[in-house]
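Residue numbers (the numbering used here), protein chains in the order written: chain A, 12 to 575; chain B, 85 to 496.
Hints listed in this document are in silico derivations from the structure and should not be mistaken for laboratory results. Source: prediction; values computed, not measured. Glycine is no exception: its CB is placed at the ideal position from the N, C-alpha and C atoms. Heads up, a few of these hints could be off.
Claimed, not checked - Below, a list of computed lysine-lysine pairs in the PhoX-like style, where the Cα atoms sit at most 20 Å apart: (1) A/536 to A/495; (2) A/153 to B/452; (3) A/150 to B/138; (4) B/138 to B/484; (5) B/352 to A/153; (6) B/452 to A/150.
What the hints assert, rightly or not - If you want a taste of the chain A side facing chain B, the calculated C-beta under 7 Å gives, among others: (7) 106; (8) 108; (9) 412; (10) 414; (11) 418.
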Amino acid sequence: MTLKTLEKIFSKQNIYHALRGVAYAAAGFGLILCILLIANYIQTKVVDPLNNPSLTALMEMLEEDPQNAALKDQIRSLDLLARKAYFTSQWQLRTGGLLLLGSFAVLFISLRLMGSVKQRMPAPEGCPDADDSWLTAIKARKWIVAGGVCLLATTLVTAIISHNEISQITFKHISDMDSTEALNDNWPNFRGPNGIGVASAEHPPTDWDGLSGHGIHWKVEVPKPGFSSPVIWGDRIFLTGGDNNGREVYCLDAENGAIRWQQPVTDVPGSPENPPRIHTDTGYAPSTVATNGRSVCAIFPTGDLISFDVDGNRAWAQNLGVPDNHYGHASSLLIFENLLIVQYDQNRRSRLLALDVSTGETVWRAERSVISWSSPICVNTGNRMELILTNSVSVVAYDPRTGVKLWSLDCMGGEMGPSAAYADGWVYAANDYAVVAGIQLTSGGAELVWEYDEDMPDTSSPLATDEYLFMATSYGYIVCLNAKTGETYWYQEFDDGFYASPILAGGRVYAMDLQGVMHIFQADKTYKSVGEPALGEPSSCTPAFVGDRMYVRGEKYLYCIMGE
Amino acid sequence: MTSVAQDRFPKPEFETDYQQPLTTTPEPRSQAWEYVDVLLLVTALSLASYFALKTRSRRSIFILMIFSLAYFGFIRRGCVCSVGATQNMVLALADPSYLLPAAVVAFFILPLIFTLFFGRTFCAAVCPLGAVQDIISYRQTKLPAWLSHVLDLLPYLYLGLAVLFAATGSAFIICQYDPFVSIFRLSGNFTLILISGVFLVMSIFVARPYCRFLCPYGVLLGWMSRLARRHVTITPDDCVQCRLCEDVCPVDAILKPTPEKAPETRAKGTKRLAIMLILLPAMIIAGGWAVSRLDGILSRVHPRVRLAEQILKEDAGIVRETTVESRTYRSQGKTVEDLVQEAMIIKKDYQKGGWYLGGFLGLVFFGKLYGLSVRRKRTDYVPDRSSCLSCGRCFLYCPKERVRLKNKTEEQ
């Protein structure tokens, strides 16, 4: 090979072309890598390997059959596969990033060398004496002034739109606190506001006679039977009734007891053709409805969950699956903010659900493992809202907004009917054949402070004040304990037992026995009876108090009793 | 990525005797390395100044630039950097309880001191952010001069915001949105990678876009450089006005000689300056008032304000999803009212800070308009001390420089 040939081969033109080829190759490679990396990144972000439908389905199958070893192996394999896939994609991202950097380095080196091979001499244009910098300055001044004005205007518009957002939300927050007051002025769910059995009534009635009509403002027959209690919002009363032939939701006029609307619970998707056999002590309408003044939600032992607006228009309905419950589902509903809380405890696949009141869509779900017949309460502990549930093993608190478990204490036993009580940072749970537990809330959880194991309720829920804890038992005892120590202040024996939960109203405790006699006594450390007015028929339902009126359901009738 | 993986994959629930390995955290970097960093910074600054002012070697500057990119960029992963150190300094001044590492002080102060003596040699060859843009710069498209003047204002705005956010303890936005850190670390979230990509592509066609139109530290360096004791020159000798360097500066930092004849009458110029001076207080007050009204939106950068808003929205039922932060706050036993109170105090700080920031921006606008209204007489081609990055690209375009190099070679 001659020198001339070599010179020809390594001519500037050829070197330039070679470098251009390298640059194209590096750019192409980099582009392909970019596309692959972006695709990989999106896949990593979008695909949620641990929540893929196959894995979820397998997990649900495992819940049904927890001892199935083959299923466990299958889940493990799928889980391992998901993890491998995820970490492989991570490796691909890292390696791809390095390769991309390398390709860019080759590209820029080629481009620089190309530039040096074909370097051009500068060739300034225009007249050397032209003062174009001054013309530029004039133009720049105009643009800067225009830009400054635009910036100022944008700032002001943004300021007007965004200013005082916190104040506005704070105002909204305060407005919502007003709606909390509205909750307190009504009786939105079982055992009233927060579900703790405390009424805001100042002068509730103390004297009536259902048979003679003395003190009774009105009484109306409820079309179908049920142990659910009345719920009141404004001038409307809501309750349910049901038997083997059908279940219904009623709205009555609080002023005269006239039925405003009566809606059958039919055509619920997934509802069983024939209702399950239910224990007579439970009946087909044991759960109390919940309302927020816009929606009314009801649940039945068939698993049917239904929502109406306050005018009786059906909003949504669904069947949660026929509960595996030997007495029949009896837990009542509760509405917190925009969430309908459903305690759906049963022998298998117990769960706590929070559904959007407006749509019925599940917002969160917490798995539970033990059956119960109690109802949730939701209290403001001063630091946070806690949704407190009892079951046949434990007392558990959840964050009502997320379903995150806040604390849990294994201190219960038996078949849990009574719901929890709350006052002054203390939670109380009780059940016959178990204990009465005094639980003090701490900054991060709860501590079991005392236990009491003599006279305990099995259906009626305990009632707490800052100083006292009252319990009404199925065999006719009412007990008063020191709320902070569990020490017995007094107990009183009556002829009939109690299923209805005692309510605190106007400084007095109202406890209805199974024969419909209301035992009214002062909330005090000694037993001071105020009266024992009778309804004239048996009752197992918990009364509702709004203003100076009391609404209570007997075996057949719903009563409105006026206060003093 | 690791944290994403941790979020996505809980620990496997083994039913065997498998012992979960203990989580270990890497040892902190030895403090001795901080001294090494500072020592290398001083050395790099000294060499950059030497190469720019004494040897006038663009090649040496370029090699030093590669070293700085490798060490301060890829090895040190872009941290600590002088640009971001501005925020640490501001926070230390605003909050006496904030402990300021000596290395951070050194990284902030040393480039400023060197600039005060030798011009922006830090930008030329030491700053890894500048280096990465300079190295990939290929086809330098010149922006219209008027547009460059307008875009010159952006670094002041960015600096002002960065100072405000740092002083209120809200965020270090310079670091959060560092366009090149994801390249140095070969990782980052999607937004950051996108920003990096945009700046990289832009750097190929427009010389040093971040340095010129965004870098907040560049504002401080520009001020120092105006006062620099010595500064690079295009020619090593007298300018022969050959015009060969006229268009070669990639960052438009070469000022042309001005014609003898004034473009406007003295009276007209004086009148415009008088109007501007009268408007100066109005510009400062209008700027201050307008930005102070942005306290609501700006204060949302502070995590406590965001948390307060989140919790209030949760409580008001405006949002349904809670966040880790809101759940954590609620579990700490503190009241919402305390948090709202704290957020309101931060908002007031922003209101006050908004006055300073707006006033500063008003002053900057005035300064820029003033600079564009005053005609300074020049007889030679000279670098604009404020915007010249001392990169040395113009050296070899000067025939006098070529003569100097030839003479030097002959002497050797």
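Worksheet item: For which of the previously enumerated hints does the structure constitute a violation, in increasing order of number?
Response: Result: hints 3, 7, 10 and 11 break, sorted rising.
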